[in-house]
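Trainee: Residues per chain are reported as follows:
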Amino acid sequence: MNFEAIIVGVIVGFAVAWLARRWIAAARRRKEGGCAGDCGCSTKLNPKK
Amino acid sequence: MSTPEAGLLVALVGNPNTGKSTLFNALTGLRQRVGNYPGVTVARKSGTCDLGDGQKVELVDLPGLYSLAAASPDEQVVIDALSGNIAGDRRPDAVVLVVDSTNLLRNLFLASQVAELGRPVVIVLNQADVAKEQGLRIDIDLLSRRLGGVPVVLSSAWKGEGILDVRRAIASAVAKQTPMKRVVWPTNIAAALTDVATAAATDTGKQVSEADAQRLLFDTNPSTADRLGWTVTQRDKTLRSARDRVRNSGYNPMAAEPLVHYAHLRTVLEGVVTEGAGKAGRSAAVDRLLLHRFLGPVLFLGIMLGFFGSVFWLAKFPMAWIQSGVDWTKTVVAPPLDAYPMLQSLLADGIIGGVGAFLVFLPQILILFLFIGILEDSGYMARAAFIMDRLFSWCGLNGKSFVPLLSGFACAIPSLLSTRTIEDPKARLATAFVVPFMSCSARFPVYALMCAAFIGPLYGPGWESVVMVGMHCVGLLFAVPTAFVLTRLVLKVKPQPFVLELPRYQMPKPRDVLWRMWQNAAEFVSKAGTVIFAITIIVWALSYFPRDASVAERIKAANPAAAEEVVKAKVQAAYVEQSYMGRFGKAVQPIFDPLGFDWKITVGVLASFPAREVIVSTLGVTYSVGEGAKADSQHLRQAMQNAKWSEGPRAGTPIFSLAAVLALMVFFALCSQCGPTIATLAQETGGWKWAAGSFVYMTALAWIVATLVYQVVIRLS
Chain A
1 MNFEAIIVGV IVGFAVAWLA RRWIAAARRR KEGGCAGDCG CSTKLNPKK
Chain B
50 MSTPEAGLLV ALVGNPNTGK STLFNALTGL RQRVGNYPGV TVARKSGTCD LGDGQKVELV
110 DLPGLYSLAA ASPDEQVVID ALSGNIAGDR RPDAVVLVVD STNLLRNLFL ASQVAELGRP
170 VVIVLNQADV AKEQGLRIDI DLLSRRLGGV PVVLSSAWKG EGILDVRRAI ASAVAKQTPM
230 KRVVWPTNIA AALTDVATAA ATDTGKQVSE ADAQRLLFDT NPSTADRLGW TVTQRDKTLR
290 SARDRVRNSG YNPMAAEPLV HYAHLRTVLE GVVTEGAGKA GRSAAVDRLL LHRFLGPVLF
350 LGIMLGFFGS VFWLAKFPMA WIQSGVDWTK TVVAPPLDAY PMLQSLLADG IIGGVGAFLV
410 FLPQILILFL FIGILEDSGY MARAAFIMDR LFSWCGLNGK SFVPLLSGFA CAIPSLLSTR
470 TIEDPKARLA TAFVVPFMSC SARFPVYALM CAAFIGPLYG PGWESVVMVG MHCVGLLFAV
530 PTAFVLTRLV LKVKPQPFVL ELPRYQMPKP RDVLWRMWQN AAEFVSKAGT VIFAITIIVW
590 ALSYFPRDAS VAERIKAANP AAAEEVVKAK VQAAYVEQSY MGRFGKAVQP IFDPLGFDWK
650 ITVGVLASFP AREVIVSTLG VTYSVGEGAK ADSQHLRQAM QNAKWSEGPR AGTPIFSLAA
710 VLALMVFFAL CSQCGPTIAT LAQETGGWKW AAGSFVYMTA LAWIVATLVY QVVIRLS
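Sequence lines, in order, name chains A and B. First residue of the first sequence: 1, per my numbering; consecutive thereafter. First residue of the second sequence: 50, per my numbering; consecutive thereafter.
If we strip away everything but chain B, and leave its shape as in the complex, we get (with noise of 0.2 angstroms):
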């Protein structure tokens, strides 16, 4: 990528949901994350911007906000950012508002602050189609004059349309550095605001603009005092003296910035915009079948068991197909090799046998993240939030919860990063601390594995899905109550009523939603090319030595009789049962006992903590081995369903029972294993001691109610 040539920077600021990654995509070429609902921006992202002349500059996409009060860390990334506060950034040359066509009232409330910090600006009245659509005509002429000849441009960046208008735009408002005309603010409030600039450039010896001065003295949030310097003790008694005259004035000191400004936007788009004859009203119908109260959350169940129910159905044919490729590879590879049974084995049981449990589940990945795209991009997840707010509500947790846990269903570690948005520290806390709960894409494979293997084949298709469904309500069903006694017994949080905006309904967009498939697909496929290429190796290596040839002896000793495939088959499996891995499963089985796991599940699951999908690939490799090379190739679903216990009390039943099956299944659910998601725990914690409690409490819960499941349905059936 060329680097800007003048080393302009522009920044990207807009209210939650208005088309800001996608207009920075569309501008910079680059593949943001966008969706349609607020908040999916949580940190500063950068591209290069080329300005259509030639001229580039370096184009920041930053969060969405509504004011510059910040109250949450990712509306202060914005703060810095515009005030040149963040290291190795500088004050941006020029900010592009992007504003929401349909809305620019509440809209411009943004930009007529961000005015107030003198930097050029750009106006661009996103989603331009939308307001057409609904009769809205904006005269841009009349309002750039009235905002005091700043560019306004008309864009619909979803469309691609209006671009290049953005472009020169850009271009020009950095050539002529023409400031958005500011707010008048009434005498009394100016004084005021004098007073705290004087007394805070006193206190602290430095410059303080009007901009800190405004947020001094409205806001309750002690960032901007925090940043210069002044300390309680020196601000306490100027701000309590600058409010009282705001007071004096018949202002409310905390009321006073958006009244103002509100009015004074009321006379900018006087007869901006005229309404004509549009359709209007559509989402709202859609709405009230969507979020009614009884049909919603039967529908949202209905949504969800379709949706898992499709990504089995569709992805079967092309699991078939990698499945037959992965065997085909097998028997090409292995006869070769007949001579070197040991690199056979790599190749052949481990390699293959591993990885290739792995990867027969990137259709299923890909069809779960095309339906995730969808249902995001049409704006219905949004409206998730509604149905599940009343759950969430009762537990304690803040309204903003709800992106960070919904991001969770596909992978736990952005979704962390989106608590961001959530302006209380402790419910913060408490909704990082249950985000791991959400049953993300890693969990997908198991469940998939066992549906497949055991719930289809014993109960029919149909009761995949639900048993599907099931499983990603489990963490939602402890999420729950650890949110409860965390936010209402042990952090204390203050409830918060639940302010979301809605997206309007859209139709997907379809390269928007094949590149989230593709990305996700090629980190799939990458994690099997990489990392469980590596965890397979080593899983293979300790399943296979040591090899001592006078197992093989005294087992054909034993057996004189029987059929050479026999004996072969029993040699191997004796092999692996005396390797590293098989002693090592076998001394820590007992603790997994009560769950009804095997060594070779114990195995498995000791093998997932650093990242869950690693199981598939690891009973792949311990069955193959089991088998040998060249022993007929069974799936591993077949060599699953075939296993059976070979002593104890449990000798000759199978080993995955329904009872074992569901306990797995839940383990896996609620367990804590994924050694990136406790790191980024701690990261956004800020120490250990979370993450480490998350770790333990979710481990220790998986054991108990894994027990439970197994020891009750065994009881059951």
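Isolated chain A, as found in the complex (with noise of 0.2 angstroms):
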């Protein structure tokens, strides 16, 4: 394998891993009864039982 297949396979490799990372973490934080937008925009509020 080139040099130039190489790079372009870490960068697509890195492009596919960052989006995985991403939509995981989103997937938790809504597991968790965090913002379900990926937004930070609201801060959810879970009264006490």
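To be clear, the hints were calculated from the coordinates, so they are not data collected in a lab. This one's a predicted model, so the numbers in the text were calculated from it and none came from an experiment. Each residue gets a CB set at the ideal place from its N, CA and C atoms; glycine is no exception. Mixed in with the good hints there might be a few duds.
Below 27 angstroms or equal to it, Euclidean Cα-Cα: the simulated BS3-like pairs (lysine-lysine) are [what the hints assert, rightly or not]:
no., chain 1, residue 1, chain 2, residue 2
1, B, Lys576, B, Lys365
2, A, Lys31, B, Lys475
3, B, Lys543, B, Lys738
4, A, Lys31, B, Lys693
5, A, Lys31, B, Lys576
6, B, Lys617, B, Lys635
7, B, Lys635, B, Lys543
8, B, Lys558, B, Lys181
9, B, Lys605, B, Lys635
So the derived label-pair ranges between C-beta atoms look like this [to be verified]:
no., chain 1, residue 1, chain 2, residue 2, range
10, A, Trp18, B, Asp275, 24 to 32 angstroms
11, A, Trp18, B, Ser373, 23 to 31 angstroms
12, A, Trp18, B, Gly735, 25 to 33 angstroms
Got two chains here, each in a separate frame; can you build the complex from them with the hints?
Mentor: Okay, here's the thing in structure tokens:
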């Protein structure tokens, strides 16, 4: 495999990994009752049980 | 940010649209979203406030409410915050009551109820400048004495006046712990309250405050009883007999609380406010015109047409500059990489082509939010609610649906959160379901691209704004019958009268409008540099690979006499068609064929399901890769104008015919293409059922309506 293909592979790999990580983090935040919009616009309030 | 040293917590409470968030921003230095209409704040926000003597407190901005009888989730947030029932928060050490200086009696009703909680209180008479303009003189010393010595200060948070006085007043309230003078209940009501408190304490084994007893006795809402764990069977008999006692004393139990409070407040306010000569009724005069039965809607339509026309006209030159910058970057980046065609294509066609195609719309987004800011802050947007009210009430939506639907034109996510202001859970659900139909700013680049590439050149610039207004109406056109079916047939929502306090007209504050523009521009650019950037790279890879050398050799062999540039273009086109993206697009394209979409548009549409605006960068990449990095750089618009069907019955005809362009815009106007919106809908409706229903319904509706549009227009033209 040549140098060019390695660089392109790394860039594409980073893009895929970054998007996947972002989506996983957003899903986790939603599960914990955080902002579902991924924009930090809401502080979800959970009254004491 | 430094944390409050003493760990003191101060809550900011008041009626809607009294300027709480503006005061919060002035006290904390933060930039919490403000707006000149009620219901902008729907959740708790906090910041650190310096009291001026070095002491710092945590200041909490709470949603506006008219009384402590909470009916909607956002109002419940305030009650929970004031009673210390929010996880991780304690009861506030002091409460700042923000009061509209021009309407003391009504605003002080909430203050009088809050006094029952027994916390130290500061009364901030905000919008003092407007009161002065109206000729109202308020004796704050007398008011303070009548309220039991609590600090009373005048301020105009909007102008930044009186902020230091507010800081000092908070410091004084925290130090002196002076509670506000409470209402004296008539004997029978006081006895009924004691009965309720005693029975609830005995049944639940918990301490029941006087404020809790009032909520239990006067409210039909069971939230306080639920919080205390006082069951229906336990409370039913006690409450019935206590309410009978109130009734026997000559009061309707449901109306006793406001009657007693207002009687108390009338005594308190006697001689406090004196009326002099002032400019009153300016708003009323303007409203007579803007809210006129017939002229109002015509003016509204005119304002909207002017609004979108200006967005196109003003953005024209900055957009051309950005496009030139993108082209220039491409010419600088591509040539040194001639020896590395793969890397060259990734940078020039993928990243610069894709992200550049998206960034070109920055000026339009900036101007869009400039106008939205001006319309909102001036107070006109709330008037638009009254103009639209006939439509809303016909379809059975609650009057309070206006604010969520209005803010849905900017972004569906905060507007879904603002459905919390709606008391009736069924009405809230119906509103949340139709909010994604509102044409959010993410749809804007799609409409703008189509209008600039086809509508403007074909029919003239005036039609761009007509089509733009039309596309913003398409969502509304389908939201109304959808809401009608939901509210009248499925959920059976009880009709509610539309009660919205009209804000007064004011000159928009440049700092707030510019800040909002900046925030949206920053978000747009940040999206271009993050999500769009990453998706662009992936789309590029999928439309670049695999690259079988035999494809080029076969084309060269089949075209021995053709010029080198022609062969090169054919090779690039063949590569894209046999790429993963091309194969996938061609496999799925038959689904979108009735809409007149070719495989490239199909790919763009599918790639846009996580976020609508991705179609612009996806088309940017697919058309760039199809051209080749070194081919004469065509703008996306030109490439789309030149695109023709290569095979089938439509071979040789333009792909982007008027029918296809309109179908594409209608598809984007109606389709559910936003991952975060679906997730927020699931969060706000408490499960995935309604979110999934919304996705399926909107996507199917988009396909059907876009097909109809394409088939009808293609036959007519």
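Trainee: Confirm or reject each hint.
Mentor: Each hint, compared with the structure:
no., hint, result
1, B/Lys576 x B/Lys365, "22 angstroms, holds"
2, A/Lys31 x B/Lys475, "24 angstroms, holds"
3, B/Lys543 x B/Lys738, "23 angstroms, holds"
4, A/Lys31 x B/Lys693, "47 angstroms, violated"
5, A/Lys31 x B/Lys576, "23 angstroms, holds"
6, B/Lys617 x B/Lys635, "22 angstroms, holds"
7, B/Lys635 x B/Lys543, "49 angstroms, violated"
8, B/Lys558 x B/Lys181, "19 angstroms, holds"
9, B/Lys605 x B/Lys635, "24 angstroms, holds"
10, A/Trp18 x B/Asp275: 24 to 32 angstroms, "44 angstroms, violated"
11, A/Trp18 x B/Ser373: 23 to 31 angstroms, "30 angstroms, holds"
12, A/Trp18 x B/Gly735: 25 to 33 angstroms, "31 angstroms, holds"
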